[in-house]
Amino acid sequence: MKVLVALKRVADPDNANKVKISSGNDSVDTAGLEWKTNPFDEYALEAALRLTENGKTPKKREGEVVVVTLAPKEGETMLRAALATGADRAIRIEATDADLDGRLVAYALKSIVDAEKPDLVLLGKQAVDGDSNQVGQRLAELLDWPMATFAATIKEEDGALLVGREVDGGVSTLRVKLPAVVTVDLRIVAPTSVYSKLTAAEAGFKHGDGVRFAPLPAIMAAKKKPLDVKALADVAAGNQLATKYVKFERPAQRAGGAKVKDVAELVEKLASVSKVI
Amino acid sequence: MSDALVIAELSEDGKLKKSTLHAITLAQRALPALGGSFSILVLGAAATAAAAELTGFGAAKVLVCDDAAFAKYTAEQFAPTVAAVGKGFGLLVATATTFGKDLLPRVAAKLDAAYAGDCAGVAVEGGKVVYKRPMFAGNVFGYCTLSTPIQVVTARQSEFDAAAPSGGASPVESVAKAAPSAAAARVEFVSLEAVKSARPELGDASVIVSGGRALKEKFMEVLEPLADALGAALGASRAAVDAGYAPGDFQVGQTGKIVAPKLYFAVGISGAIQHIAGMKGSKVIVAINKDPDAPIFQLADYGLVADLFTAVPALVAELKKRA
Ligand SMILES: Cc1cc2nc3c(=O)[nH]c(=O)nc-3n(C[C@H](O)[C@H](O)[C@H](O)COP(=O)(O)OP(=O)(O)OC[C@H]3O[C@@H](n4cnc5c(N)ncnc54)[C@H](O)[C@@H]3O)c2cc1C
Ligand SMILES: Nc1ncnc2c1ncn2[C@@H]1O[C@H](COP(=O)(O)O)[C@@H](O)[C@H]1O
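In the order they appear, the protein sequences are chains A and B.
Residue 254 in our numbering is what sits at position 254 of the first sequence, and the numbering runs on without skipping anything.
Residue 70 in our numbering is what sits at position 70 of the second sequence, and the numbering runs on without skipping anything.
Just chain A, with the same shape it has in the complex (with noise of 0.2 Å):
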């Protein structure tokens, strides 16, 4: 299988608070924090790797793994990353995020499909900076292709994948012919979420919990490995921006910090002062 996997990085999400605003209020300003790869698109490449290797020799690919970012030049800091934890290939297309939006990465992402021909396109189901949650859904209209979004189960099967998406009151569960795209969510990376045609017939194979780390020699050698650059006017399709952000916010902070010092105040707190039982 050839699976097409899109990666985004983001500034660092457990400091999203840290985020500021520019004085004229009309960009966000991230400067100090780190680069991150968006975690979602993490599990999409994880979930990638486990579709594409035999569990029990994890090293030898069965198809290729190919990553695509829409970023500047340091973004390919992510690309080597995801090469070393096992991506064949990786394509940059030049943009920053302000000459984005989900539509745009859409018709971008539908161009390196066409030039690709991948099986299966993963995506993360959102960008934690934008939390736009969009892509995914929109690439595959454009290919008019079928897609599962919020996956957190997939399993191989012949020409097709099982997958198991957690929405609203449960799990839902479809079967997707390839190609399709896949957008993932959180539990994706649990050892049991994802099979292969090949791992699925071993019974009580699991993989690790999480995402697995680059070993050093494999950091060294994914410097080696194709990386592909193009601009994005050759593959936007003549698209121009249709999102425009006309101001930035931070909303207001809640006046939070007291403490109780037993339920009985606090029963009597909730039932007196705020009046809520």
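Possibly wrong hints are sitting among the right ones.
[To be verified] PhoX-like, lysine-lysine: derived pairs with alpha carbons at most 25 Å apart:
no.	chain 1	residue 1	chain 2	residue 2
1	A	K259	B	K72
2	A	K261	B	K280
3	B	K290	A	K244
4	B	K262	A	K275
5	A	K177	B	K72
6	B	K177	A	K261
7	B	K132	B	K262
These are calculated hints, taken from the structure and not from any lab test.
Using the hints, position chain B with the ligands against chain A.
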């Protein structure tokens, strides 16, 4: 001048979901910029009852497409018809449930429309609709405009009140099902395993009791009595879900459910950025944690530093005394 179209969400058994009423409110607030009216589109197999329920909200029309193909939801089945009907409108709105978040971006792509997801507000400025969107786990609000002829958005349920019935009787009209896309033939709905519960849904609940990693295997044993005493819905942190203590659809947070009840209990939850993003809009927040420095206390109106395994049963007993 243009009109808005609200996409209704039905449950598995064809009943109208209350979440739909929140999208109606967003549409109503955007109307001054659009200059037109709003209509509602209902897709389902046996959707007439749900459509009838929607006639009292002041819509110009309630459009129904009743077809066996809509018995089970897949975006591939729904998107062509929503897009075909939506073509005649300037704004398409649904609520940002997993249904809305799955379907509307796909519809947007079909219409080449820009999409603003999970909107927390709309304003009308200079004749344009400006959408207010939480970004960076709710640490920034971005205000955006969409420049495509059709705009597609989803509404964050906790930020828009449910529309109240306004009386009147909107005409119900049937619309044709659009020809399915190639993708629809390549996706098969296999099952929906619903978590059955007599409790209110997280999105609608006025009281929520959430538990974290600290609950361990005793998640239900400890929290159910408290939820029962308060008539509350149950929620959880990611860590509690990942560990298997609570089901996936309990997760509250940036990437789970966004809630804003009048009373929220965070029990054995540290208060990570991603969790806070999903509950900081709650009116009153109670935190129970044995670590006095847990970040959740900075946010809580009432913090109780205690071992939850003794504090929660004591709290239940205290509540029962009052009842
Ligand atoms: C991409 C991404 C998305 C995420 N999305 C979400 C999301 O939507 N929602 C979410 O919740 N998280 C999310 N997270 C995870 C988040 O970062 C935290 O890891 C998680 O919220 C921690 O859960 P917790 O508070 O239950 O666990 P912990 O952080 O381990 O906290 C447990 C707490 O319990 C307290 N405790 C322990 N024993 C007791 C006791 N006996 N009595 C009282 N207190 C006790 C401890 O002091 C501690 O504060 C996301 C993470 C990533 C990377
Ligand atoms: N600039 C980008 N480069 C590569 N992939 C992206 C980019 N933006 C979004 N994606 C992919 O689309 C997913 C959903 O993003 P979004 O719709 O922006 O929340 C992400 O998890 C990525 O997999």
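Here is what the structure says about each hint:
Straight-line distance between C-alpha atoms of K259(A) and K72(B) comes to about 49 Å, which puts the hinted pair past the 25 Å bound. A distance of roughly 23 Å separates the Cα atoms of K261(A) and K280(B); the hinted pair therefore holds under the 25 Å criterion. The suggested pairing of K290(B) with K244(A) is violated, with an alpha-carbon distance near 45 Å, which exceeds 25 Å. With a C-alpha separation of about 10 Å, the suggested pair K262(B) and K275(A) falls inside the 25 Å cut-off, and the hint holds.
Our distance criterion of 25 Å between C-alpha atoms is met by K177(A) and K72(B), whose separation comes to about 18 Å. Between the alpha carbons of K177(B) and K261(A) the distance comes to roughly 61 Å, so the proposed pair goes past 25 Å and is violated. Between the alpha carbons of K132(B) and K262(B) the distance comes to roughly 23 Å, so the proposed pair stays at or under 25 Å and holds.
Checked against the numbered hints given earlier, this structure breaks hints 1, 3 and 6; the rest are met.
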